[in-house]
Every structure is written in structure tokens, then in C-alpha cells.
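Chains A and B supply the protein sequences, listed in that same order. Positions in the first sequence are counted from 1; adding 1140 to them yields the numbering used here. Positions in the second sequence are counted from 1; adding 1140 to them yields the numbering used here.
Note that these hints are calculated values from the structure, not bench results. Model, not experiment: these values are computed from the prediction. A couple of the hints might just be wrong.
A pair counts as met if it fits within one copy or between any two copies, since identical chains are not told apart.
Simulated pairs of lysine to any residue, SDA-like, Cα-Cα distance not exceeding 25 Å [claimed, not checked]:
#, residue 1, residue 2
1, K1233, L1243
2, K1416, G1438
3, K1194, P1285
4, K1294, K1384
5, K1302, P1234
6, K1223, K1416
7, K1271, D1417
8, K1302, A1240
9, K1416, L1220
Protein chains: 2
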Amino acid sequence: MTFRVTILGNSSATPTPERNPSAHVLNVHEQFFLVDCGEGTQQRLIRCGINPMKLQAVFLSHLHGDHVYGIFGLISTLGLMGKRTPLQIFAPKPFDEVLANHLRYFDSELSYEVQWCEVETRKHKLLFENKTLEVWSVPLRHRVPAAGFLFQEKVPALNLHKEAVERYGLGIAQCRAAKRGEDIVLESGVTIPNEELTYRPYRERSFAYLSDTLYSHRAAELVSGVDLMYHEATFADEDRALAKKTGHSTARQAAQVALTARAGRLLIGHFSSRYKDLHLLEAEVREIFSNSEAAIEGHSYEIPCMREHFR
Amino acid sequence: MTFRVTILGNSSATPTPERNPSAHVLNVHEQFFLVDCGEGTQQRLIRCGINPMKLQAVFLSHLHGDHVYGIFGLISTLGLMGKRTPLQIFAPKPFDEVLANHLRYFDSELSYEVQWCEVETRKHKLLFENKTLEVWSVPLRHRVPAAGFLFQEKVPALNLHKEAVERYGLGIAQCRAAKRGEDIVLESGVTIPNEELTYRPYRERSFAYLSDTLYSHRAAELVSGVDLMYHEATFADEDRALAKKTGHSTARQAAQVALTARAGRLLIGHFSSRYKDLHLLEAEVREIFSNSEAAIEGHSYEIPCMREHFR
């Protein structure tokens, strides 16, 4: 029951010799979701041992090159690898036009369909849903329309406590009712509360990706209680004027968002190339929000599966 | 008087964890020319210690993604670095349309001009010329219109032998005439042949880039006598049917082109990801053309400056 983010790139617009532009992979129960796709993403996927063919969907926060330029190579390579199933790409307008141009000039004979799904960047909206996961857009404040993403594991179905089933001698119909969350009335007339009979196999987890953006109180509220937050921290506090001018956050502002959201843990990233050493940014963020760290490329950050046998 | 090729990427279409898509830098007297620009080129330039701001021009052989996808990030980054002078990009049609779309969606406020210069892929034509260098297109045979490039150092101006000038007591007008290549008639009536008075400071050098292409006898003839040839060798001889089908060369065919051209030295590259070990390709090519090797990413290949004091 994996829930793990792998950082493929933590650099802002200008890459450095060591740092790559934005790209992240979220693994939810071995379903892989790509979040932003800076230049070189396809190769960094392979280097991190993630088969690009396993990607379920791609989420692009906004149409700045350092978040997008890797998508073209990825689309082409998936074709060369023989992909047949559609690839969904969630992105703001006019990604539909960008994609159409790409396909016309470079991939007119692609072996699979690329489906664009619009992200309306001003709305908090359900974008994607399957049995285990929901993905919501989170409006951000940047120089161009931008949205973050909230990945929310669904509440898992109730499991039965086998020993309780045996103890009370429950029949099939009673078991089904218990799994639906109902209390059970025994033949004796005694009512067994549902929580004696069932448990959640794990607590549902969540990941918020908030980049690129100015400080946003609304975003913090929309991801309230998130387990793991990735927030851009392009600049240090001393460069806050530059952050404001360019539509970015400082490390202190990232920490403030995590604090407001009562996040479990904060990762900062999207660092300006001016910071060779990230300890300054890490120190700033920890002053306000202690459970935080600078995201490291190639590293994975896991939210462990917490079982709830006894509610 | 540098004349040096640096390999930034030697992989064909599908990159491997170790190998990057096509990109090469030619340094001619500290003028830098980029030849093809696969994804990730801007970062590999920096890693090789080459400042992208120093690029004089870019040459793109054809519009397949593994030779082109890095140009978008490079254009954007040069803007962020504050470039003001125009950047010339030599590429076949419809790169003009690809570029216009890129600028519209991603770089509408670029700080400098990107100038597209058409490469007519069926013609052997002078594309670029300055004081020290000529660049010629070399028609290739690929699945899409493609041209290689011949970089030819110009014959340098004659230098005077100081000791000869002193020995014969030449005046300014006689020195000028000698530098123009003329023989000098002294007052005594004796004629001093020009080669006693002057020398070429170096022998002019050349580099041919031939990728992607099927075997081409015409290309070999057009680059006849080239000092250093880079020729694609996507496949080994045992996969020659696949090479033919995909419009590529085998290592043996690359060697044959070098042999026909009487090249000084051959580098092979653009390797299919199926070859983990390049020794097989290197062995094949050396059977036919001994002074050859598999191009290694990050390595530079120099053509030394040969002085011709005594012609």
C-alpha cells in the first residue's frame, strides 16, 4: 500500500549542473502519476527505476518551460516503447494547442492516444478519480494561470475482524451489512456496534503539490490537514521582493502555508540557481514549521501505511 | 587555435540511463557551434564547462525529437541569462513553424531574436561563413529531410618569416606583397620565391557531421579529405535490415563512408539503446577503418593545430 513521492527535479527555471527542472512521481499503490515534467524527465524516471510505461496520468501545473519541456520527449519515447493505452495529461489551456502542434510536427504516427484534460486553474475541482484515489485542482497565484494538485487516497473499505465474526457467529448477510458500516442486531436482541466488528485496513493519506505560486492562504485552506505538502520555495526571505515580482514564494512563506494547512510534513523545492547550498532555505523553513526539509533529487518521501485495527 | 568537438549525447532515439540524445559542440578558435540539440543539452553544456551564452549558432540536422527537443529549454534559458544578440538556428523546414509556435506559447517576451536560417537538405550549400570558418550542408538519406554539416576552417592568411624579412631587408610595400602571396624581386634583380618569405600559421582543419543517414556515397564524396568525421552507427552489421528500414547506418557502413572520404579520423555515435557495450560496434568499424572509435559523452576530440613553418 505504497504512497510515495519521488523527486526528479527540484530546480527553478534555470537548471544548475546538479539540479534539474521540476518533475515528481507519486506512487499510490503502484499506480504512478507524474507531476510536472521539466526537460530530461524521461531519463530521470529511468534512472530512478521507474518505467515510463507505468505512468497512469500526467499533471502539469502551468505552462512554463521548466515544468513542461520534458513532455515532448516522454510522449515520443512512450511511442517508441510501443504504448497502446491512452495517456491522460491534465494541464491548463492552451496545452491543447501545444500538444496538437507537437503531434503534428513530431509524433504524427504515435501508437497511442494522448488525451488532454483541461485544468481550470481558478477552480478547486475533482480532476481524476479511481478506486483508490482522487486528484483535485488547487488554484495558485502565479504569473500565468497555475494550479496545484491534491492527491487524496480514498477511505478504504471496511475489513471484518475475523475473531469478532466467529465470536458472534455472524452469517453472510450480517457480514455484508457490517462491511457497509452497519451495527448488527443479534438474535438475542443485543446490538453489536460496527466498530467491534470492522476496521479500516489503513488510514487514507494525502499529498499536496503547490508550485509555482505566491503565498496563498486559499491554497493552504484547500489542502487543510494534508499529510505531505510539497511547496515551492524559490527564494530565501532576503529575496522576498524578487519572489513577489516573479510570482514565487520564499521558504518562510512555504512554511506559513504548511502551518496554516496543519500539514503533517513539508518538502520545499523549485530552488533558484542562486542558492548553491540549500541549508539556508531549510533553516528558514524550519524556524516556522519544524517537520520540513529541502527536497533532494532522486530521493523518495514515503507516507507510511498506518493500520487502524482498533478504532 | 582550438578545433575541438565535444560529445554531449551519443544515443539514438530512446535514451538509456547512461546515454543522452544527440548533441555536439564544435569549438573553432573559441567560437562555439552547437550541432543538434537533444533533450537535456543545456544542462550538459554547463556540465562540460561550456557557457550556453557563448554559442554562435545552432545547426539542426533534421526534425526528429532526439535531435531537437533540447532547443526549447536552451532558447528559454538564454533569455533568462539575459542574451541580447540574435541566435541563428540552421534547420530544415518546417522548423520555422515549430519555432514560431514555441515562441508564441513559451517565450513571447524573449530578450533576443531567434533567427531561423533554412537548410535545404537536398543541396550542398554554404550556410555560414565568417573570417575563420565555412559551414556547408551535406545532403543525407533519412526517413525525413536531413542534412549533415561540413565545418571547414578557412586557409589562414600568410605570416612573414621575420628572419627572411631582415635577411633581404624588405620594405613595407614588399612585406605586404609577400603576405598577398607574391614573389619579391629585390633591387639586385634577384627573385625571392614567396615560400621563402612566408608560412601558413596552421593547416586548415575540417569536421563533418553525418547523422542521421543511410549509407551515402554522395555524402562521402562531399566531405572528401575531412580531418574528423562523426558518422552515425545506430546499429551493428547483424542488424543491417533494421538499419535500412529505419533509415540508419551500421558501423560497417559508417566505416565505409570514412574510407571513401579518406577521412583522417572517424567517430561513430547515435547508438541504439540495444547495445549496452559499444565494443562490438567499435570492433566492426575498426575492421574497415582503423583510426576510429566510439564517441564518448563528455569527451572532447581535438584536431591539433599543425604549423607549416616550412612549406
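Hint check results:
1. K1233 to L1243: This pair counts as both: shortest intra-copy Cα distance 16 Å, inter-copy 16 Å.
2. K1416 to G1438: both (18 Å within a copy, 23 Å between copies)
3. K1194 to P1285: For K1194 and P1285, neither the intra-copy (29 Å) nor the inter-copy (34 Å) Cα distance is at most 25 Å.
4. K1294 to K1384: Classified as neither; 36 Å inside a copy, 52 Å across copies.
5. K1302 to P1234: Close neither inside one copy (54 Å) nor across copies (67 Å); limit 25 Å.
6. K1223 to K1416: between (39 Å within a copy, 23 Å between copies)
7. K1271 to D1417: Close neither inside one copy (42 Å) nor across copies (44 Å); limit 25 Å.
8. K1302 to A1240: Cα proximity of K1302 and A1240: none, with 55 Å in one copy and 66 Å across.
9. K1416 to L1220: This pair counts as between: shortest inter-copy Cα distance 18 Å, intra-copy 37 Å.
Of the numbered hints stated above, those contradicted by the structure are hints 3, 4, 5, 7, 8, listed in ascending order.
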